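J.: Given the sequences, and given the hints that come with them, work out the whole structure.
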Amino acid sequence: MKSKLKRQLPAMVIVCLLMICVTGCWSSREIEDLGLTFAIAIDKGKETNTEKELKEEGGSYPKKDNITLTYQFVNEKAAGAGTSGGGGSGQGAQKAYINISETGDSLQQIGSEVALRRDREVFSPHLKVVVMSEDVLHTFPIDEMLDQFFRDNEIRLSCLVLSAKGEARDALQLKENGEIPAFRLIGLGENEHKVSRILPPITLAKLIGKLHSGSSFLLQNVVAANGAVKYSGAAVINGKSKKMIGTLNEYETEGITWIRGEGKGGVVKSHDKKSQQTLAYDINKIKSKIQPIVKGKDISFHVDIESEGDLVENWNTKEALDTQFIDRLETTIENEVKKIVGQVLKKFNMIIKQMLRVLMNLLDLHILTYGKG
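Residue numbering for the sequence shown follows my numbering, starting at 8 and increasing by one per position.
Quick caveat, the hints were computed from the structure, so don't treat them as lab data.
These numbers were taken from a predicted model, which means no experiment stands behind them.
Be aware that a few hints might be false.
Unchecked claim - The calculated DSS-like cross-link candidates involving lysine-lysine, where the alpha carbons are at most 30 Å apart (straight line), are:
| # | residue 1 | residue 2 |
| --- | --- | --- |
| 1 | Lys247 | Lys353 |
| 2 | Lys135 | Lys271 |
| 3 | Lys276 | Lys294 |
| 4 | Lys201 | Lys354 |
T.: Structure below.
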């Protein structure tokens, strides 16, 4: 009996230790004590009125005003009042988020400075989106600007990266009280099965690969006005300089979707030449094949595009079942797609010429400097 008890004793001790370990997380932190960060906007340096007033009172440190970061935190008071799940109304309604802007020349130091203005720790594992203004993308290489995000072990690489026309901080504002702008920006990208003007999402993880490859790429652009936000166009990032060299509008972005064959849905609107009535073609599937053609020093590309879809809107109901009308419809939609693709190809030719002019200017400067030396 004693020998049997001795054999069971070590097992009982192990079970007791395991029970102690699984009763809770030893390194846990109360969520109420954390400043949950859902979005960060990056703009060219411009101190806010609040920063200026704090500086007048002595609240400043040595820095250059190169960039302004806007942190979007969850509003704990609104969340506690139960308003974060729906649109609040009345004078007592609060925004579900709080935005705090800070200006400086180091992202890490700016984050530390924000901690001096918040009674909760800046907590970034739940960061959903980073929005960068076109001014920032024009001025600073994107790999240098986001280096701190890549190194920070708190920030997840699934975080979405967007560009913004105007000030990036404007994209972190909404009229509605109950919604957090960061989640709105994420949700817009999930409508790609309905709109062919939405690019595949670029996360921090994907961005690392693109930056190391040295190839140029596109960032989804967002515009904001009067508390409303919208996906609109794209920023063109040069693979060598890592800076923005141009933009695409919505129409040109749609052309990219057709060329790449990446569309999951969308609508092509056109007009029947004979009846002058509106037609709408709903995209179900897009396939494309790009074949390079080299003739001596000349390089061209043959792009073969196929699509499947449905006629979902036809204002010319009299000819709806006429085979000639159906043939005419296919030709009309095909010509419209060619027009869309042709527009973006024309834009890229302009961007390439612009890049060549910049390169020639740099070569001239190098030759001039070398000659003086």
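J.: Now, for every hint given, state plainly whether the structure supports it.
T.: Verification of the supplied hints:
1. Lys247 x Lys353: 22 Å, holds
2. Lys135 x Lys271: 23 Å, holds
3. Lys276 x Lys294: 19 Å, holds
4. Lys201 x Lys354: 25 Å, holds
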